[in-house]
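Enquirer: Residue-level listing of the chains:
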Amino acid sequence: MDVRFINPFVKSICNTFETMCSVPVTIGKPEIKTDNGPGSDVSSIIGFSGDAAGSVALHFGFDIASKLASKFAGIEITPEHDDFADAIGELANMVAGGAKAQFEGVSVSISLPNVIVGTNHNLSASKSVPRIMIPCKTELGSFMVEIGMVLTKQPTGLVAETAGATS
Amino acid sequence: MKIMLVDDSRTIRNIQKNVLKQIGHTDLVEAEDGVVALRLFAEQVPDLMLVDWNMPNMDGITLIRKIRETNKSVPIIMCTTEAEKSRILEAIKAGVNNYIVKPFSVESLQEKIEQTMSKIGAAQ
Numbered sequence: 000m001d002v003r004f005i006n007p008f009v010k011s012i013c014n015t016f017e018t019m020c021s022v023p024v025t026i027g028k029p030e031i032k033t034d035n036g037p038g039s040d041v042s043s044i045i046g047f048s049g050d051a052a053g054s055v056a057l058h059f060g061f062d063i064a065s066k067l068a069s070k071f072a073g074i075e076i077t078p079e080h081d082d083f084a085d086a087i088g089e090l091a092n093m094v095a096g097g098a099k100a101q102f103e104g105v106s107v108s109i110s111l112p113n114v115i116v117g118t119n120h121n122l123s124a125s126k127s128v129p130r131i132m133i134p135c136k137t138e139l140g141s142f143m144v145e146i147g148m149v150l151t152k153q154p155t156g157l158v159a160e161t162a163g164a165t166s
Numbered sequence: 000m001k002i003m004l005v006d007d008s009r010t011i012r013n014i015q016k017n018v019l020k021q022i023g024h025t026d027l028v029e030a031e032d033g034v035v036a037l038r039l040f041a042e043q044v045p046d047l048m049l050v051d052w053n054m055p056n057m058d059g060i061t062l063i064r065k066i067r068e069t070n071k072s073v074p075i076i077m078c079t080t081e082a083e084k085s086r087i088l089e090a091i092k093a094g095v096n097n098y099i100v101k102p103f104s105v106e107s108l109q110e111k112i113e114q115t116m117s118k119i120g121a122a123q
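Sequence order for the protein chains is A and B. When the first sequence is numbered by numbering that gives the first Met the number 0, its final residue is 166 and no position is left out of the sequence of numbers. When the second sequence is numbered by numbering that gives the first Met the number 0, its final residue is 123 and no position is left out of the sequence of numbers.
Please note that the accuracy of each hint is not assured.
[Said to hold, decoys possible] Here are the simulated lysine-lysine pairs, DSSO-like style, with alpha carbons at most 30 Å apart:
#1 LYS152(A) with LYS118(B)
#2 LYS70(A) with LYS65(B)
#3 LYS10(A) with LYS1(B)
#4 LYS66(A) with LYS111(B)
#5 LYS20(B) with LYS66(A)
#6 LYS126(A) with LYS28(A)
#7 LYS16(B) with LYS10(A)
#8 LYS70(A) with LYS92(B)
#9 LYS111(B) with LYS152(A)
#10 LYS111(B) with LYS10(A)
#11 LYS70(A) with LYS16(B)
#12 LYS10(A) with LYS152(A)
#13 LYS66(A) with LYS152(A)
#14 LYS136(A) with LYS10(A)
#15 LYS70(A) with LYS152(A)
#16 LYS111(B) with LYS70(A)
#17 LYS65(B) with LYS16(B)
#18 LYS16(B) with LYS66(A)
#19 LYS118(B) with LYS20(B)
#20 LYS16(B) with LYS1(B)
#21 LYS92(B) with LYS118(B)
These aren't lab readings, by the way, just hints derived from the structure by calculation. These numbers come from a predicted model, not from an experiment.
So that you can see chain B by itself, here it is in the shape it has in the complex:
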């Protein structure tokens, strides 16, 4: 299972990578903004994406809207400091499958990832 991590913070991507490796996922690809993520997405569609909201060049919500124009199925978890209800609704409307607010505990990140993956498994 290929997982794409999209966040302008390398520290956050490293934390996410550690959590994913702990639960057995090692096929990981990283992007520091929406532009890079879109390019990588065009090369190979991942099985799951973790996407930050606030990033330079192209933010996460724009990235998700662009992806959903052509791909409705790839599961996307938004991982962001944007915690207002209006923002969460905006993200759901854009097509995210799950949402995690920073700061997050390692356990809660793991739970959201596993929750989303089990939904993928159930749907397949």
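Isolated chain A (complex conformation):
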């Protein structure tokens, strides 16, 4: 995992939730994911392809997901609401888009969001791409952002560093 990808996500998470939900986010210490957990109830996943490949996943409990979706949409949105997955997916879309705009010299495309809803599910990811878990705390509750990115092409306009893609 190239650590240069972490800061763009941190900035984008804060910007997205502050701007769209009026909810400031406090970022905890990022850690390498060592197992399939922690279980979550709602996950929104966006894939990246191009000069870098990987994905970002936002993991929520039902309560915080409902509260954030409601703040975002301006109406009460429970997990049963028709727009619940749409709202959660769009928030992940904004996090991914905001981060990729900061990947200097690295051109990537993002996929459409996929949203998984199910009590206490786990996300298993390829062992070949180390995953970083970023704890996010808000006044409404906490959630996690999981990222796994590897460079597939040396970025332009950057001083060459050790690729570090498999640290």
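Keeping the supplied structure of chain A fixed, place chain B upon it in accordance with the hints.
Expert: Showing chain B alone in chain A's frame:
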């Protein structure tokens, strides 16, 4: 004034609708992708369009290029998470009149819409 909102996210379309209603626009038509937007466009040309970039079936940039093949005048605001300069230039080249990056504040969306509309008014 008829305004077409093209975005695969209903939540985003609802936010846009609320902003537009606040500034007095109620003649709104919605499309969830470029294919639906093109069909609606053929039925009646709107006075303004808000278009997302990443959508299933047909993305926003393809939609705009297709519209500009036959219509150079309808004002189009691109509203997207695509924030890189290269993307903005690509959109301008395709024919957008204004550009707003998600996440956006309600105020900034309102400002871009009003800015674009005042340009239309000035041109008429």
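Enquirer: All the hints need checking, so say for each whether the structure fits it.
Expert: The hints, checked one at a time:
As the CA atoms of LYS152(A) and LYS118(B) are separated by approximately 43 Å, the hinted pair breaks the 30 Å bound. Proposed proximity of LYS70(A) and LYS65(B) is contradicted: the alpha carbons are some 36 Å apart, above 30 Å. Restraint check: the Cα-Cα separation between LYS10(A) and LYS1(B) comes to about 37 Å, which exceeds 30 Å; the hinted pair is violated. For a cut-off of 30 Å, the pair hint linking LYS66(A) to LYS111(B) stands: about 28 Å separates their Cα positions.
Pair hint LYS20(B) plus LYS66(A) holds up; C-alpha atoms about 25 Å apart against a cutoff of 30 Å. This hinted pair checks out: LYS126(A) and LYS28(A) have alpha carbons roughly 22 Å apart, not beyond 30 Å. Among the hinted pairs, LYS16(B) with LYS10(A) is consistent with the structure: their alpha-carbon atoms are about 28 Å apart, no more than 30 Å. For the hint pairing LYS70(A) with LYS92(B), the CA-to-CA distance comes to about 35 Å; that exceeds 30 Å, so the pair is violated.
Distance restraint check for LYS111(B) and LYS152(A): the Cα-Cα separation of roughly 36 Å exceeds the 30 Å cut-off, and the hinted pair is therefore not satisfied. A threshold of 30 Å between alpha carbons decides the hint, and for LYS111(B) with LYS10(A) the separation of about 24 Å falls inside it, so the pair holds. Proximity of LYS70(A) to LYS16(B) is assessed by CA-CA distance (about 16 Å); at most 30 Å being required, the pair is judged to hold. As the CA atoms of LYS10(A) and LYS152(A) are separated by approximately 24 Å, the hinted pair is consistent with the 30 Å bound.
Taken as a hint, the LYS66(A) and LYS152(A) pair is broken in the structure, with Cα atoms around 39 Å apart against an allowance of 30 Å. Taken as a hint, the LYS136(A) and LYS10(A) pair is honoured in the structure, with Cα atoms around 14 Å apart against an allowance of 30 Å. Restraint check for LYS70(A) and LYS152(A): not satisfied, since their Cα atoms lie roughly 39 Å apart, outside the 30 Å limit. As the CA atoms of LYS111(B) and LYS70(A) are separated by approximately 22 Å, the hinted pair is consistent with the 30 Å bound.
Note on LYS65(B) and LYS16(B): the hinted pairing holds, with a Cα-Cα distance of about 25 Å set against a maximum of 30 Å. Between LYS16(B) and LYS66(A) the CA atoms are separated by roughly 21 Å; this keeps the pair inside 30 Å, and the hint holds. Restraint check for LYS118(B) and LYS20(B): the C-alpha separation of about 20 Å stays at or below 30 Å, so the hint holds. For the hint linking LYS16(B) to LYS1(B), the alpha-carbon distance of about 12 Å falls within 30 Å, and the restraint holds.
For the given pair, LYS92(B) sits about 19 Å from LYS118(B) by alpha-carbon distance, which is consistent with the 30 Å threshold.
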